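There are 2 protein chains.
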Amino acid sequence: MSKPITLYSHATGPNPWKVAIILEELKVPYTTKFMDMADLKKPPFEALCPNGRVPVIEDPNTGITLWESGAIIEYLVQTYDTKAAFTYTSSPERFYVSQWLHFQMSGQGPYFGQGAWFSRFHEESLPSAKKRYFDQIKRVFYVLNKALEGKQWLVGEKCTVADLSFVTWDMMVPFIFGDDAGSLELEKNYPNYFAWNKRLLERPAVKKIAKDKTEASASH
Amino acid sequence: MSKPITLYSHATGPNPWKVAIILEELKVPYTTKFMDMADLKKPPFEALCPNGRVPVIEDPNTGITLWESGAIIEYLVQTYDTKAAFTYTSSPERFYVSQWLHFQMSGQGPYFGQGAWFSRFHEESLPSAKKRYFDQIKRVFYVLNKALEGKQWLVGEKCTVADLSFVTWDMMVPFIFGDDAGSLELEKNYPNYFAWNKRLLERPAVKKIAKDKTEASASH
Chain H
1 MSKPITLYSH ATGPNPWKVA IILEELKVPY TTKFMDMADL KKPPFEALCP NGRVPVIEDP
61 NTGITLWESG AIIEYLVQTY DTKAAFTYTS SPERFYVSQW LHFQMSGQGP YFGQGAWFSR
121 FHEESLPSAK KRYFDQIKRV FYVLNKALEG KQWLVGEKCT VADLSFVTWD MMVPFIFGDD
181 AGSLELEKNY PNYFAWNKRL LERPAVKKIA KDKTEASASH
Chain X
1 MSKPITLYSH ATGPNPWKVA IILEELKVPY TTKFMDMADL KKPPFEALCP NGRVPVIEDP
61 NTGITLWESG AIIEYLVQTY DTKAAFTYTS SPERFYVSQW LHFQMSGQGP YFGQGAWFSR
121 FHEESLPSAK KRYFDQIKRV FYVLNKALEG KQWLVGEKCT VADLSFVTWD MMVPFIFGDD
181 AGSLELEKNY PNYFAWNKRL LERPAVKKIA KDKTEASASH
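Here the protein sequences come in this chain order: H and X.
For the first sequence, full-length UniProt numbering assigns the number 1 to the initial residue and increments by one for each residue that follows.
For the second sequence, full-length UniProt numbering assigns the number 1 to the initial residue and increments by one for each residue that follows.
FYI, nobody ran anything at the bench for these hints, they're computed from the structure.
Note that the coordinates shown come from a computational prediction; the quantities given were computed from them, not determined experimentally.
Watch out, some of these pointers could steer you wrong.
Intra- or inter-copy, both count: the list cannot distinguish identical chains.
Said to hold, decoys possible - SDA-like cross-link-like pairs, simulated, lysine to any residue; straight-line CA separation at most 20 Å:
#1 LYS131 x PHE175
#2 LYS130 x ASP179
#3 LYS130 x SER119
#4 LYS146 x PRO50
#5 LYS41 x ASN189
#6 LYS3 x ALA218
#7 LYS41 x GLU58
#8 LYS42 x LYS146
#9 LYS3 x TRP117
#10 LYS151 x GLU46
#11 LYS151 x ARG199
#12 LYS42 x ARG139
#13 LYS138 x GLY52
#14 LYS131 x SER119
#15 LYS131 x GLU185
#16 LYS151 x TYR88
#17 LYS41 x LYS146
#18 LYS131 x ARG120
#19 LYS138 x GLY178
#20 LYS131 x ASN189
All chains should be modelled from the sequences, with the hints used to inform the complete structure.
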């Protein structure tokens, strides 16, 4: 039995919860330290992660401290998914998993994040900036919907970390779009995407994290 | 001798050139197909990449078609860098390479790209949006400068694909900041970053690609 990994997290930010889902799926023991945003961009946290963001993990079993959720996921599967239950060791499949993981990191997370910024946090209302990111988010739905045509999962015949990496940002859609969320008509406009996201949401590990996140949001 | 890889590229976009630098460093033969932006988000290109973006590679030696520059870089080093000249096979070093590559993909590229968008392409002038991204770009300089304190390269004692992945977006700083570029005072404010970027720019492979890009920009 391995010693628990420490996961530095935040009550509402989607990226640490993405890592928590992978830890749950892999049944790797972990403890969560919830950080306040105000403490991230200064010492001592900056010594763990010069980027001043969560997630960060510390793994006492290997001694590693690592940040960037995509890199943490690669570390976790290479270290703990020894039977490749959530990835592939064969080529080209393992590179397709990497491709979708990088698309999540560079194409989904940043655009969803900027959409949230301009709809919820920016100092002034900028309708054309908000529209830009809402349109980009719809493009992400379009790309995933197209890639999932006739398929249950992004790579091969099983759920991999590539699929799982998208779900915590997808959970943010109602927050990002607010009153505009209904007009997305996800089930009608992006049926493959919608069914895939529903499959992900029904997984016990994803359900547990959704519940943990709701509880953490209420108490932090 | 391996058959040349086809690199789908664009004359000015930094991400395909990032891959070209890795191909040059690894001395992997390749041919470049320059695409017009207008042809990316429709068939037949969408059949290669549902995301409708470059880079995409086709490797006749393995039969793979792959997109997302970060995933392409991982594929290239795992397939062609058999002596790990530009990466590590040891732990934790190989995970640190992954960490910085993911930071480039999720933390540098997207913010630099949005900075370019609001300074150069957006339909209206939005000073507070532009300022947001200029501030985020300065944070990226700050993070890299801090991480490079007392070091020549991001991971260990050699130049890896993690270092190389940043340089084509860094080349865009004058374009992004325009008249504001001088006020960045990169050498004074971020000396470790500045020296590291200079080391990268002096590499023959990077010099060649900078020249190729200038020529492609002039003729496409």
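Right, here's what the structure says about each hint:
1. LYS131 x PHE175: within (15 Å within a copy, 24 Å between copies)
2. LYS130 x ASP179: within (13 Å within a copy, 26 Å between copies)
3. LYS130 x SER119: Intra 6 Å, inter 16 Å, cutoff 20 Å: intra and inter.
4. LYS146 x PRO50: For LYS146 and PRO50, only the inter-copy Cα distance (7 Å) is at most 20 Å; the intra-copy one is 37 Å.
5. LYS41 x ASN189: So LYS41 and ASN189 pass the 20 Å test across copies only (18 Å; inside, 40 Å).
6. LYS3 x ALA218: neither (29 Å within a copy, 57 Å between copies)
7. LYS41 x GLU58: Answer is within: at 18 Å inside a copy they meet the 20 Å cutoff, but 41 Å across does not.
8. LYS42 x LYS146: between (42 Å within a copy, 12 Å between copies)
9. LYS3 x TRP117: neither (37 Å within a copy, 46 Å between copies)
10. LYS151 x GLU46: between (42 Å within a copy, 17 Å between copies)
11. LYS151 x ARG199: within (12 Å within a copy, 46 Å between copies)
12. LYS42 x ARG139: between (36 Å within a copy, 13 Å between copies)
13. LYS138 x GLY52: between (29 Å within a copy, 14 Å between copies)
14. LYS131 x SER119: both (9 Å within a copy, 17 Å between copies)
15. LYS131 x GLU185: within (17 Å within a copy, 34 Å between copies)
16. LYS151 x TYR88: Result: close within a single copy only, 17 Å intra versus 35 Å inter.
17. LYS41 x LYS146: For LYS41 and LYS146, the Cα distance is within 20 Å only across copies (12 Å; inside one copy 39 Å).
18. LYS131 x ARG120: both (13 Å within a copy, 17 Å between copies)
19. LYS138 x GLY178: within (15 Å within a copy, 31 Å between copies)
20. LYS131 x ASN189: within (18 Å within a copy, 35 Å between copies)
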